[in-house]
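Engineer: Letter by letter, the chains look like this.
4 protein chains.
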Amino acid sequence: MTVKGIAVIGAGYWGPNLIRNLQAHPEWDLRWVCDLDSERAARAVGQAPGVRVTTSLDDVLDDPAVVAVAVATPAATHTAVVLSSLEAGRHVLVEKPLAPSLAEGQKLVEVAEDRGLVLMCDHTYCYTPAVLKIRELVRGGELGDIQYFDSVRVNLGLVQNDIDVLWDLGPHDLSILDFILPEDMRPTSIAATGADPVGAGHLCVGYLTMPLGNKAVAHVHLNWLSPKKVRTTLIGGSRRMVVWDDLDPSQRVSVYDRGVELQGTQGDARRQAQVAYRLGDMVAPALPEREALQGVAGEFASAIAEHRAPLTDGRSGLRVLELLEAAGRSLEQGGGFVNIGAES
Amino acid sequence: MTVKGIAVIGAGYWGPNLIRNLQAHPEWDLRWVCDLDSERAARAVGQAPGVRVTTSLDDVLDDPAVVAVAVATPAATHTAVVLSSLEAGRHVLVEKPLAPSLAEGQKLVEVAEDRGLVLMCDHTYCYTPAVLKIRELVRGGELGDIQYFDSVRVNLGLVQNDIDVLWDLGPHDLSILDFILPEDMRPTSIAATGADPVGAGHLCVGYLTMPLGNKAVAHVHLNWLSPKKVRTTLIGGSRRMVVWDDLDPSQRVSVYDRGVELQGTQGDARRQAQVAYRLGDMVAPALPEREALQGVAGEFASAIAEHRAPLTDGRSGLRVLELLEAAGRSLEQGGGFVNIGAES
Amino acid sequence: MTVKGIAVIGAGYWGPNLIRNLQAHPEWDLRWVCDLDSERAARAVGQAPGVRVTTSLDDVLDDPAVVAVAVATPAATHTAVVLSSLEAGRHVLVEKPLAPSLAEGQKLVEVAEDRGLVLMCDHTYCYTPAVLKIRELVRGGELGDIQYFDSVRVNLGLVQNDIDVLWDLGPHDLSILDFILPEDMRPTSIAATGADPVGAGHLCVGYLTMPLGNKAVAHVHLNWLSPKKVRTTLIGGSRRMVVWDDLDPSQRVSVYDRGVELQGTQGDARRQAQVAYRLGDMVAPALPEREALQGVAGEFASAIAEHRAPLTDGRSGLRVLELLEAAGRSLEQGGGFVNIGAES
Amino acid sequence: MTVKGIAVIGAGYWGPNLIRNLQAHPEWDLRWVCDLDSERAARAVGQAPGVRVTTSLDDVLDDPAVVAVAVATPAATHTAVVLSSLEAGRHVLVEKPLAPSLAEGQKLVEVAEDRGLVLMCDHTYCYTPAVLKIRELVRGGELGDIQYFDSVRVNLGLVQNDIDVLWDLGPHDLSILDFILPEDMRPTSIAATGADPVGAGHLCVGYLTMPLGNKAVAHVHLNWLSPKKVRTTLIGGSRRMVVWDDLDPSQRVSVYDRGVELQGTQGDARRQAQVAYRLGDMVAPALPEREALQGVAGEFASAIAEHRAPLTDGRSGLRVLELLEAAGRSLEQGGGFVNIGAES
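Residue numbers (my numbering), protein chains in the order written: chain A, 5 to 348; chain B, 5 to 348; chain C, 5 to 348; chain D, 5 to 348.
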């Protein structure tokens with residue numbers, strides 16, 4: 005393990021979390037914090053010895069000890085900052101969304117792949133102990149065939165000025181879905197509906213429906229106008245079913261040995277009599293207490309060291325962007341399904 | 005108050021509840037229980053003095069003391085039973101759905117209206133203390149402008165042989181929506197999506213989206229394959245917001261003095277700075293403990309006595325049928341929106 | 005299996021539940037319902053064919069087909085009714101408490117034992133699926149050494165005129181404790197404290213502390229004045245720990261693989277460094293849905309057929325009475341511990 | 005408002021929280037962090053400009069700009085550190101417990117009072133929005149006469165080497181009780197029971213019962229061996245009742261308009277018929293989101309500026325110590341009640 009030099013670009017909302025976690029991580033040496041607002045950068049870094057503050061990305065990229073950058077600037081600037089960093093030969097960790105459009109995201113992925121650099125999306129939720137456990141359950145076959153994925157992410161949220169609720173909250177659920185599902189189950193199309201009842205100029209309440217492979221469905225409810233915070237995901241499987249309640253720290257993941265099995269054949273007129281219900285125990289697996297960003301920092305370091313794609317690589321970011329853009333087209337077309345995958 | 009003679013037709017799943025509640029109600033005199041299975045009818049009625057059992061609807065309709073019938077036979081038989089009863093001059097209370105199709109339902113409503121008879125749908129949930137309170141809050145303006153209605157009705161349910169999850173569970177939410185909303189807010193179109201991951205031959209997981217008047221939206225999640233039972237409805241309003249959790253007997257209805265207000269104008273570039281958040285108290289109103297079917301029985305008696313339409317009249321049943329049929333067309337067309345209201 | 009004739013004595017609050025469950029049970033033939041108020045008896049029995057109503061216990065005991073009686077009269081009358089029944093050679097199932105005093109209870113147990121009759125206490129909670137599962141976990145050693153038993157049974161309850169909250173609610177927890185613990189762990193003394201803040205003339209808020217064998221402790225909180233209903237019991241064990249929340253139908257019993265182990269010796273000054281914490285999975289076992297009184301009826305029938313003591317025999321009722329009387333003495337003495345076992 | 009110089013003594017478990025909150029507070033100028041372990045002190049302070057690190061209390065007390073110290077050293081050292089600081093003319097904020105014994109605590113209070121210095125206990129919970137609201141409800145009379153206070157503070161906790169669960173967790177509940185109750189309601193005696201089922205050498209499960217003025221009672225359940233974390237307090241009042249669930253961030257405080265009223269007289273034989281039950285609405289008041297230690301820092305500054313006793317002054321710390329010492333005597337005497345107040 006060699007300690008690697010890194011810089012954080014952007015010291016606004018999320019930057020301080022990256023700074024704290026990179027400083028605490030044994031494989032990283034945080035060398036710079038860069039922000040156009042130098043006072044904000046200074047505040048974010050404190051007086052940590054050896055960490056320099058600058059308003060110029062060039063200062064960072066001129067430092068040969070910096071092998072990687074973590075980008076937490078506003079989404080609109082991702083393309084320029086990431087591109088400069090890649091072209092200067094640096095590995096890049098970038099906040100969600102990867103880029104403000106699919107086309108720009110594709111450009112970034114191409115450049116990274118051409119140069120053999122790691123481009124990783126900071127899909128933070130994927131590195132929580134809960135989601136890692138769910139991925140293991142899904143991928144390891146413990147749930148059997150996936151039947152549905154239903155997520156509710158609502159609260160009295162900050163009504164954003166420049167993006168709708170789908171672009172604000174949707175990347176969380178879409179990146180989790182991408183992370184846990186095997187490749188052949190990924191969404192094949194998407195339909196988006198919702199409402200703007202307060203006159204924000206874009207959706208404040210949104211619903212996404214995505215048929216998955218194997219006759220399953222994914223659905224996401226996103227809402228800035230709920231009096232109560234809810235962060236609950238139901239995942240149905242033919243062998244087990246999962247309830248993930250992220251607001252219950254004492255029991256985030258519950259795995260139910262429950263299910264329905266049709267034992268008749270499709271044409272069987274008396275099928276109903278042959279439905280078998282399974283009502284077994286529930287297990288809430290013990291989960292380690294660990295900050296997700298430590299996992300992000302570790303995966304980024306490992307991917308670089310091992311010359312491999314990280315778990316949430318640039319292509320996972322592209323898939324999220326593709327779904328968001330298709331959701332936008334569905335809205336424009338009045339809510340019908342828009343196919344995925346033609347473009348990527 | 006004159007006590008009125010009544011008969012219950014159908015002694016299967018729901019009939020015994022009607023029998024028990026009509027026997028207990030001071031305005032009704034239960035005279036007959038009619039079922040093709042005379043043993044089932046006898047079991048349902050016990051040895052209650054004066055209540056006769058028959059397998060023939062004619063016996064019931066030949067009794068001049070019977071002024072009304074309550075129909076709890078399978079949906080496919082509603083049209084014939086209700087029509088005979090109306091044509092014999094009896095008022096009718098009928099289980100949901102009113103009829104197996106919108107066209108047949110319209111026929112029933114027409115006959116009842118022509119003859120000046122009360123035709124009431126047993127939309128039982130509408131008579132729970134929780135829904136009555138919510139209706140009062142919505143109609144009385146306490147919630148302000150309705151922004152959204154989001155209902156989740158999921159559990160490991162009986163996978164039905166002959167109807168999908170929309171027709172099985174949907175009438176509950178659609179009748180509640182119809183009951184609480186003012187007329188000018190009713191759904192103008194509907195889109196349905198979902199999945200049949202177990203090969204039941206029809207939807208086991210379903211999602212309904214309905215734009216409402218005034219830029220609001222209603223959404224319903226229905227699911228037979230959930231490991232956990234959920235019965236939660238969120239209702240957003242510009243002045244107050246409601247969470248109705250029907251599984252929490254100690255706090256079913258919570259009214260939050262919370263909200264978001266945009267104070268800028270539509271074209272204001274700096275709108276975000278002008279969003280005001282309200283985070284006030286929550287009140288859980290005391291609700292009486294009362295069985296909903298007592299309210300149904302009372303409303304049916306009052307509507308007959310007062311020669312008026314009951315709160316959940318035949319037309320409310322038609323509106324539910326119209327939504328369900330339109331949902332079916334949406335599914336057939338791949339999930340886009342289907343307009344409501346052309347036909348009714 | 006021979007069907008046995010039985011009579012229910014007392015048709016007040018609890019009698020109808022006994023009547024319904026005995027009628028439904030295949031091993032019992034309910035022949036009589038006896039109550040001083042003959043109208044109440046008639047209402048309770050409905051028009052069930054073959055069940056006779058009487059105001060006289062003699063009528064019941066004169067019927068040779070009656071081999072057993074179930075007594076649900078007020079506690080003050082238990083001694084007379086049970087004694088008459090035993091002396092007439094009938095097996096007896098009796099509501100809690102067994103008798104209004106320990107001395108009278110002892111008399112009943114002696115008579116039953118002398119005559120070889122079954123005397124069973126209707127400690128209904130012991131026959132719930134949750135308590136049966138907990139007993140199995142405790143007795144089977146899955147919990148390891150029991151460390152503590154802590155029960156909270158509070159709500160806005162009916163303030164009783166003639167008995168305090170200890171005698172009203174306490175028998176539930178004391179009989180459960182007796183049921184699940186092995187003999188050598190039973191309480192050796194009891195201390196009672198509490199308050200009568202509303203001037204009822206006796207405790208409305210009560211606390212019982214009972215040292216158990218093996219350095220463990222049991223504690224019960226009983227309260228008629230709580231705004232919220234709570235029915236939660238924690239049971240600590242050296243191998244597993246249980247939370248029983250009787251108000252959560254979806255997860256009544258949770259078994260945690262958690263614990264603390266001291267690995268140092270008693271005199272070890274650096275013991276703290278050697279505490280090991282175990283934080284494993286939680287399992288909520290699937291529990292059958294079954295009415296507890298069906299289990300009571302079945303156990304009563306089996307005990308008679310097999311000439312054995314029932315699980316909740318008269319002696320278990322005596323142990324509950326002994327704890328209640330000792331709690332009363334503790335209260336009189338100002339709350340200190342009173343020994344158990346000298347008298348029984 | 006003059007900014008005052010302050011030092012934090014002790015940079016272990018709690019010190020960093022004091023450091024962070026004093027640095028952030030506008031009325032305080034944090035000048036020193038003092039700890040015998042200079043590296044730990046340096047880590048705790050970061051490189052905050054102007055904050056010096058020392059291992060010597062003398063360095064701190066030699067700085068004339070330091071007008072106050074915040075002491076977060078182990079309890080055993082409180083007496084020496086606080087005494088030196090008071091004798092050097094400094095105001096003192098000290099962690100709970102005030103001192104390791106009542107006698108030493110009395111000495112500290114005397115010295116502070118003699119010199120006219122502020123001696124404040126950092127009873128942090130008292131400054132949470134929830135407890136401040138409850139105090140306001142109790143003191144303002146909204147709850148009516150207090151009937152009981154029942155607190156449960158249990159989890160799988162760190163089994164301490166040198167103190168039992170009463171001294172570890174008890175100060176939280178005892179200081180809250182002291183804070184919210186009016187003077188004439190304070191505990192008049194205390195009884196302690198519990199168990200040491202793991203062989204820790206002292207109580208790991210503890211129960212405290214305290215009769216309050218006006219026939220009310222307080223009870224506290226403290227437990228290091230619970231599989232589940234519970235932080236719930238019930239407070240009964242004749243007009244309103246409160247449930248404080250500190251683990252439910254969305255509804256910490258619930259105020260129920262519920263109660264029981266006896267309308268008969270003490271000697272009335274038919275009293276039961278005259279109990280009136282009130283079952284009104286529940287209100288969950290909106291609470292500000294604010295860190296309690298900001299309130300502690302502010303109250304300390306204000307008390308100094310206004311030459312007054314702080315809300316949680318040294319005498320409140322003495323009352324907590326007195327209860328803890330009396331609880332110890334109760335344990336030694338086998339659990340009976342020990343009077344309070346003779347000594348203080």
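Check the hints yourself; a few may be wrong.
As the list makes no split between identical chains, a pair holds if one copy fits it or if it spans any two.
[To be verified] No farther apart than 30 Å at their CA atoms in a straight line, the calculated lysine-lysine pairs in the DSBU-like style are these: (1) Lys-8 / Lys-233; (2) Lys-8 / Lys-232; (3) Lys-137 / Lys-219; (4) Lys-232 / Lys-111; (5) Lys-219 / Lys-111; (6) Lys-8 / Lys-111; (7) Lys-232 / Lys-219.
Don't read these hints as lab results, they were simulated from the structure.
Engineer: All hints are to be evaluated individually against the structure, with a verdict given for each.
Structural biologist: Hint check:
1. Proximity of Lys-8 and Lys-233 under a CA criterion of 30 Å is satisfied in neither setting, with 39 Å inside one chain copy and 40 Å between copies.
2. In the homo-oligomer, the alpha carbons of Lys-8 and Lys-232 never lie at most 30 Å apart, since the shortest distance is 43 Å inside one protomer and 41 Å across protomers.
3. Taking identical chains as interchangeable, the C-alpha atoms of Lys-137 and Lys-219 lie at most 30 Å apart only when both belong to the same chain, with a minimum of 24 Å there against 39 Å between chains.
4. Proximity of Lys-232 and Lys-111 under a CA criterion of 30 Å is satisfied in neither setting, with 40 Å inside one chain copy and 44 Å between copies.
5. Taking CA atoms no more than 30 Å apart as the test, Lys-219 paired with Lys-111 passes in neither setting, with 33 Å inside one copy and 38 Å between copies.
6. In this assembly of identical chains, the alpha carbons of Lys-8 and Lys-111 lie at most 30 Å apart only when taken from the same copy (26 Å versus 56 Å across copies).
7. Proximity of Lys-232 and Lys-219 under a CA criterion of 30 Å is satisfied inter-copy only: 22 Å between copies versus 32 Å inside one chain copy.
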